[in-house]
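2 protein chains.
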Amino acid sequence: MNNYTVTFKHENRKISVCEGTTLKEAITAEGLDFDFPCGGMGTCGKCRIKILDKNLKATEKELKFLEGKELKEGIHLACETKVYSDITVQLNQKKNEVYNILQSSTERTFTIKPLIEKVYVEVDLPSLDKQKSDLKRLKEKLMQKKPNYKNIKMNISVLRELPVKLREANHHITAVIHGNEIIGIEMGNTEKSMLGIAFDIGTTTIVAYLMDLYTGKKLAVSSAMNPQIKFGADVISRTTFANQNENGVKLMQSTLLDVLNKLIEDSVHKATMLKENIYAITIVGNTCMHHLFLGLTPKYIAYIPYVPVISETLEVKSSDLNLHINPSGKVFVLPNIAGFVGADTVGVILASEMDKSKDIKLAIDIGTNGEIVLGSSKKLVSCSAAAGPAFEGAQISSGMRGAKGAIDHVSFGESLNYTVIGNEKPEGICGSALLDIVAGLVRLGIINKRGKLLSPDNFTNPNALPFRNNIVTYEGTNAFLIVPPSETAHGRAIMLTQNDITSLQLAKGAISAGISILVKKCNINTSDIKEVILAGAFGNYMDPHSACTIGLIPPELENKIQLVGNAAGTGSMLALLSNDEYEHSNAIASKVTYIELGAQKDFNREFAHGMQFQDYK
Amino acid sequence: MNNYTVTFKHENRKISVCEGTTLKEAITAEGLDFDFPCGGMGTCGKCRIKILDKNLKATEKELKFLEGKELKEGIHLACETKVYSDITVQLNQKKNEVYNILQSSTERTFTIKPLIEKVYVEVDLPSLDKQKSDLKRLKEKLMQKKPNYKNIKMNISVLRELPVKLREANHHITAVIHGNEIIGIEMGNTEKSMLGIAFDIGTTTIVAYLMDLYTGKKLAVSSAMNPQIKFGADVISRTTFANQNENGVKLMQSTLLDVLNKLIEDSVHKATMLKENIYAITIVGNTCMHHLFLGLTPKYIAYIPYVPVISETLEVKSSDLNLHINPSGKVFVLPNIAGFVGADTVGVILASEMDKSKDIKLAIDIGTNGEIVLGSSKKLVSCSAAAGPAFEGAQISSGMRGAKGAIDHVSFGESLNYTVIGNEKPEGICGSALLDIVAGLVRLGIINKRGKLLSPDNFTNPNALPFRNNIVTYEGTNAFLIVPPSETAHGRAIMLTQNDITSLQLAKGAISAGISILVKKCNINTSDIKEVILAGAFGNYMDPHSACTIGLIPPELENKIQLVGNAAGTGSMLALLSNDEYEHSNAIASKVTYIELGAQKDFNREFAHGMQFQDYK
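For the record, the sequence lines run as chains Y and X.
Taken in order, the first sequence gives residues 0 to 616; the numbers are from numbering that gives the first Met the number 0.
Taken in order, the second sequence gives residues 0 to 616; the numbers are from numbering that gives the first Met the number 0.
Pulled out of the complex, with its shape left as it was, chain Y reads as follows:
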């Protein structure tokens, strides 16, 4: 059998191989850094190379993956190409070290450097004359790869496995490393099998992002309702439960951990992966969720001066939290800023990089509490505005969550138009529709500056006249009929009451006052703000024009609004994929100054002012 030379052009390497050897075998033998995602089965079409000095006929499998243009250029699959003559090859594949996470508004570039490293080494066999211990021989090889592994430690449980695994694997092993500690040993080369999950734990919903820590790709997204809802709908009621029940914290923690384990199962199932390959979990959430996740009492968050137990990153073994991933796995919890501005807000800042921006930006994440951050690289201030549940459709007469049957958007033209989630008969209105309705009525002058729903006699705007019959009487005051009983799913009227308007005024007044106070704390004018980052589900659904019309967001900023979706979750993913980003979260948490709105002497005035509407008369 003849031998032929394969030349790898860019790598400046030559290898002599027997005839019939595939290029995959040649690449592997030469130890070149090149991926075969399907293991060389010819089923993924990813191992594209270019043959520079020959025209080879494409195989049937290649024809399935390669386009005409590629075939003309000499592109082939390494696993399908056999060597029957001297050949010169260019490796086209680029290692995916830089990865972009696309948000709805911005692209964020960073280098993948996950929280957990895997290092494959071929350890020397023990020898009689050198008498080096198993750990010492392993460390020597690790140090050859990275000198700062010199002082790396191994914990006792891994150490117990080391001698046997080392010998069973013929001394070819992969060390799983976190920081200065070898947290696991695997037989053979498993460097590419490394998954992680970024969690965003909200009071109401939990989202899990399953990530490939080697490629940086998002493999699956799973979400679930937070089962702690049975202990209370909001942060305050859960804290109360924790304080009043001896095992309240433990109970809420284990309830939460159960659903996290289900989300882990669900996401690996979706991606057809194994949970044993998950080594890292990142966590963001508000301070109360953060504390309950860790089993820390949220008691002192609820009482003045509302301080959290911890405001820096924390690493915990996954086994200590009973999270079912690889037994060596670690959980990385992002830091809180204050009792009511948590790790989720740190995630938003991390994702938006507003702490590195020269321009002044305003980030708002609206839920039951609205977390607001204002500033630039020079200074960041934050507050939490107690908006209450109005934006989530609660405590609104016809209110409901943004689920099937909810009116989600409303517009006023010659008549009233609305859209319903799921295109069904409407059952109620969700938060975004509430904003649209009130904004429309304010613009038509049907709701006045102080929030009063006027009677038709007092309409002054001609465009309001088509809606004079929508004004009905409810419990002695005016109400606005949105859908008559005959057109609803349940046969009851859907309407907006004077009380509903007041609820909305309280909610938007709090947010508006928060923004005003932060603007003052920064010594700027509202017009200095260059971008408004609207994070979170509600921020993403609501119509920015309506939000500005009712004064939830200063109207002059309407053209500067960016919807960024679940930015807290994006922050969690960034921290998972990059140790630098994770470390940076500590800098963010200490940089942001927290302003307790209740302690500000001008809060009441700002709040009262914020409750008012613009005068469209």
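Hints may contain errors.
Quick list of in silico lysine-lysine cross-link-like pairs, BS3-like style, CA-CA up to 25 Å [claimed, not checked]:
#1 Y:Lys129 x X:Lys590
#2 X:Lys316 x Y:Lys249
#3 X:Lys149 x X:Lys316
Far from chain Y by the CB rule (all over 10 Å, computed), these chain X residues [to be verified]:
#4 Ser84
#5 Leu161
#6 Val220
Quick caveat, the hints were computed from the structure, so don't treat them as lab data.
By construction, the Cβ of each residue, glycine as well, lies at the ideal position given by its N, Cα and C atoms.
Since the structure of chain Y is provided, determine the placement of chain X on it from the hints.
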């Protein structure tokens, strides 16, 4: 009431106090570093101070503690001295930071800096405007005490206790710190309650030293037999048990841990202390005991090339090993050098400081294996000589352990004289007596160069003649009668057989060959050795003159022998009291070169030569 000024001269501090205030109150108010061991009750007499500018009359209590000379010098007790005028005081007490451990031969000075630190801090209360988390406020105070606490971490279980303990203790707490981690939080100031236990785990016996980590004092010593003896008397048989039984390692580990817990109980009981105040444990032992203690398989120590799993220090949580001390406690395991030269030998080197010595020293720790170390600060070589159990009285016809009824020393004058442990009728001979008898017979020419027990006809030394009747016939060859049946406890003769002599020759030949080979490896002559350090129980009991006569130790070194007792245990204590010493043990383990005797081509020749005796004809 008048105020007076107390001047503390050396501290250059002045304090104004009301008349009648005691100096103890003044010292405490001024926050000076001065101990009141009995709490100022006037019952210990330790709070001596000197009054420089007044002659005060001594109180009755003072007269109990102070000598005439002290009274003349103006020495008083701070707790007894009340201020009725301006007064200048010199604090005589020196903080006990430097402590001497006296060994039988040498004094070793070091600075107390235990493996666990306790730091008392008065944490700021939380405030609304600063919103600092509990951990952050604690860290701020710790950093004031030591700036490198900046990046200190707290583990999750301690963090869970922090908010409640902080508030229950009115924010006055003591942080228990190991390295870069807060491992415990205690209410109030507990800085002085800090105990540790230094263990020396031998194949046969285990010793526990209970130490006060604040003062450096040894409070109690407890010891027990190693209960693993039921799985095998020596290292090889225990390793075999571990390899042949599925749960062999776990079983031997838990058996060992049980007795360690008993020794912990016993030592705190003796010292009337609480085991909850024990925060640190240090461990030395041979490599097999080290591995079994940690639950590491000793399998690969038993097979060529005999490498250990680990040869550096290791820290383990006490709870991970189920050792019943303070739940925050840590176990610090000293490093091994090789499969047959373990952490106990590192302890001997640490205690003797031979690695820092300009002079060449030889350390020998004789047991079933004799660990030998030779060298100086320039170079250290070590080996393990398989002496077998002869020195421990085993496999000797009349042999027994050094217990009650054992003849421990023998001398030959006009007749044979011996001493018996416990002054009872003798039952057998222990190792030290074996040495004395053989040495005596060699000097008398009754045992010849090759170890043969001569018949009376062949005696040439007139001093041998009184013992001609002691030569008896046993199993067809000569034997030496030590005690006739009528004088023994059991009515059987106690004698030395030709086989016994051969056993001793094998044992001393191995040690002697080990020494010779190390001398060659160091490229020195035996006479270059300036000191012989004999460590371990056997080394302490045996007569150095006998040991040199039979050639166990080169006779030219007889005047250089130092008996240092349990130097391995001393090393364990040093590491417990001083983090520097503990860290230094890693340098020792990597500095010492291990020589595998079986792999040396001149070993057989040296061994054969070492089996011979000197010719006293």
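Hints versus structure:
As the CA atoms of Y:Lys129 and X:Lys590 are separated by approximately 13 Å, the hinted pair is consistent with the 25 Å bound. Our distance criterion of 25 Å between C-alpha atoms is met by X:Lys316 and Y:Lys249, whose separation comes to about 24 Å. At roughly 23 Å between alpha-carbon atoms, X:Lys149 and X:Lys316 fall within 25 Å of each other, so this suggested pair holds. Its beta-carbon lying about 48 Å from the closest one in chain Y, X:Ser84 satisfies the requirement of being farther than 10 Å from that chain.
Not every CB of chain Y lies more than 10 Å from the CB of X:Leu161, the least distance being 6 Å, so the non-interface label is violated. Distance to chain Y confirms X:Val220 as a non-interface residue, since its nearest Cβ pair spans about 28 Å, more than 10 Å.
Figure legend: structure checked against the earlier numbered hints; the only hint not met is number 5.
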